[in-house]
Amino acid sequence: MRISIRLYRCIIDILMKIRDNRVAYKQIGTIVFLLLLSVGLSLISIDIHVFSFPINLFLLLLLVAISFVLESYVFRYYVVSVKKMMLFATFIALCLMFLYWLLHHRMIFSEILPSVLYDFSTTALFIVGFLFFIVMLGVLILRGIKVINKQKFAFLFSHIGLWLALSAGMLGQADVYTLRANLIENNSISYAYTSKGMAMDLPFKVKLNKIHTEYYATGSPKAYAAHVSVYENDVVATERISINHPYRYKGYDMYLQKAGTNTCVLQIVYDPWRYVVFVGIISVLMGAMLCFIHGIKYRTKNDGLE
Amino acid sequence: MMGWNSLYMFAMVSIGCWLTAAIMALANGKRQRNSVLVSVFQFTGIIVLSVFIILLTVGLQRPPLQTLGEIRLWYAFFLVIAGWITFYYWRFSWILLFTTVLSSVFLLINIFRPEIHHQMLPPALQSFWFIPHVILYMFSYALLACTFLIALIGLIKHKDTYLQASENLTVAGVSFFTVAMLMGSLWAKVAWGHYWTWDAKELWAALTWMMYLFYLQYKNYKKNHNKTAYWILIVAFVCLQMCWYGIYYFPSQHQSFHTYF
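Sequences listed follow chains A and B, in order.
By the numbering used here, the letter at position 83 of the first sequence is numbered 83, and the numbering carries on one by one without gaps.
By the numbering used here, the letter at position 96 of the second sequence is numbered 96, and the numbering carries on one by one without gaps.
Bound conformation, chain B alone (with noise of 0.2 Å):
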């Protein structure tokens, strides 16, 4: 049965697939040439990737979405994807290697420091809202990731079209995290009985979002570029990493709905 033991064949096609689209993006530059190879390239990685994922599935008979390791690989797994996409429209030649490095790394502590992947789903977790709200978060963060780097690269040499494609990113991103984080609402009605009760998660995935909101309204106040803006994602992206897994730190993790582990 297909288990997290065979990851490390997988995973290392699949870094071995981005790590060429990466070099070769970066040995273009700006040109157009290869661009189709290097697409080739990251979506063969992307789907070996994928395979392993529906087998992991059909071996643990539950969408492998519930501990820290399962969400990491997910998060590995979109990430490349919003890299490609980020590459695919702006033509950043770096950021396909920033975020190959990046999925690397979550793969690679799945691989030497594997979690207890043995549990079951509990049973507040069997709902029909938990496979489209943990998956459009993964995404989202993946998305805002990609916003991240373009905004520190940003803040060491400026470019405008930094500018655009971290708007439209952060726009993307947004959007998926509002349907991920209503669809979260809508099943703690169902499952507890309140849309929203602002307990630890609740209350920084609420914070995170109206911190995008607060980069996008000043965006529009301010079109002209300056370094505030960049400031602002490089902050609403630490206030998503204490979302995340930061609150878990904290004592008052203690009194959160969202800790099953």
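Just chain A, with the same shape it has in the complex (with noise of 0.2 Å):
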């Protein structure tokens, strides 16, 4: 009862303020649309491999000119801080994450959300809102780097990795492929399969020859592992593939992802921007570790960011 009059009260009130033109038209409109548009791209979903080289590529350059432009004349005429646009996208990103978790728990929901939703990381709100992110982020490091000084190698390191992790690790999505590949014990194969179904070639034919099981006293398992063979025209390589140990062929990753008592299946990683986005983890990590060892010192006043 409490909290219907309150709710009463709240909306008469917000209703007085429109009246008394009190309130920004420009604020509700620019809240409203933004809402609009929310829902409007969340309903989009977006086949990733459409982006694949080397679109992705010309795709990751033009954010850079778009991070370029904004610095060089859109934020430095126009009365818009790059702080406070910063402090926006990161925003968003939390919305968008917070959203995503939401939809985790598709089982409450499925009868209700279209289908689109499944995957939130494929819609284009999602996309959208961490290019966004991208963007406001290459701005902040441009920025940045033009006021350097011992101190700012903190910043430029976490920054210039985030950037490179991130958008390497989202456009690189367009060239890689996760594959998996049932094995039978002494038998090989030369395709897998996508998530979506699809087969697969392999330039490459795999065998099982064995399954390696071991337990602890108490039953639960120990370890697994999977001894195979990866032929071309001849062997190539006879390997023992476990968790936490994959192997690596052409530039594909062979994990094993179940083991039975004569049976395996393999998941096979394609992702050939795999160095790319190690770099910038690196380079966040590096930049991290001289956050703390500088401690707030860093963040001078004079840090160059508006």
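Keep in mind the hints are simulated off the structure, nothing from the lab.
C-beta: ideal position from N, C-alpha, C; glycine also.
It is possible that part of the hints are untrue.
[Stated by the list, open to error] Over 10 Å on every C-beta distance to chain A, these chain B residues come out as not near it, computed from the model:
id, residue
1, 19
2, 27
3, 28
4, 36
5, 48
6, 53
7, 64
8, 68
9, 102
10, 109
11, 134
12, 135
13, 161
14, 224
15, 227
16, 234
[Unchecked claim] Reference listing, derived: stretches of chain A covered by chain B, where coverage requires no fewer than 3 residues with Cβ under 8 Å from a Cβ of chain B:
id, stretch
17, 92-98
18, 221-228
19, 257-271
Could you fit the two chains together into a complex? Lean on the hints.
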């Protein structure tokens, strides 16, 4: 009862403010526009593989160019604070992640949700939201790079690393293929399936020789391993693949996903951008360590961001 | 063989030392007198608990990093260290009492409601990355718990030193959090083939991380005191609880790669 009275009062209050012209219509308009845009974008599903190499490389350069233009012209000549926009971009990213987590509970929403929202990471809303974050991060880096001093290294390493990891991780997805291969002992295969059930040819054959399983005294599993042979015309290699110990051949990483008594499932990942993301991650790691060493000192008054 | 049943002896000695240190720190107030003695008591407690952890590791024949009870033990351990760092640098006389009470609660839960501690390490966790990943997380959680306590106290009665201390502790906590999280992503690449998969745990880790970055950006944007900064820290700590154990109470946990037990 109390809540409904409060809600009623709140609505009346807003209506009175609108009547008295105390609310900026521009702001309400902007919020409604952003909400409608978000709903619209969330209903568009994007097949990331459409942007495979070299399109994703061009997109990456485009992101740099947009950041450059924003930094050089828009933020310089108009009164828009870079820090404020970065806060806004972080807020957007936070909202998107929270929404993503809510959509993880598919079984609860299953009757109501449009099917496109079942994988939120492929919706235009998620992708555009994070691209906006990446662009703003680019602007921040371009702004920060102009005042370089010793204490700025933490800033540069962490921000450039994050930019690299996020942009290469996101746009690089277009070239990444995650395949599953079901192997039976003493049989070989030359294809594997995508998550959508499409068969893809591999540039080699894999044969499962033997499954190795170890158990603790309590009966819980201790170790799984699959002994496989990789063929092209002849045997190229005979390897032991176990959890945490994949095998890489011709750019394809083979991971042991499941192991039965005489069968196993291999996850085969083709990821040509892995080292770019890796460099980004290492750079953020170094930035975080420098940040800890310098402590608060790196946050100097003249950080060049305004 | 040393096991969980002897925890109560070590815990009682440690809690006794920490309580003595906390009461001495409170009695001293801002004076420097006896601060060495406070540190001596605090560290005696820490050393006693470290001895238990070492003996437990030997007894279990694996690092005690697997069950929730074991992680609680580490959290209690790091919380008193983080509390001491905060006390040492900023002389908050009350912080030691808070961290002692929190650590004691965690230790007492382990004594009175022991989890099943007989599980062995499943294959996915047998990795070089496992120990640094979990320990760095626990240390960052402990530092960030201190920022939460400062934010709570700051909301009630603000002091300028609280702002500086919470910001410094957040920088340290976020640095450890970042390293732990990225080590996890490197490990995920080796174990599952992808750096990041947006499962429930990873989503909340990223959300918590971003929330703390949001706080640091906000502090950089608005340098003067206002209560919003404290509120952001409190919300960020709530996110951290979701990331740590909160997600396991929601239906989406079944899809998580991080559910082992």
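What are the numbers of the hints that this structure violates, sorted from low to high?
-> none
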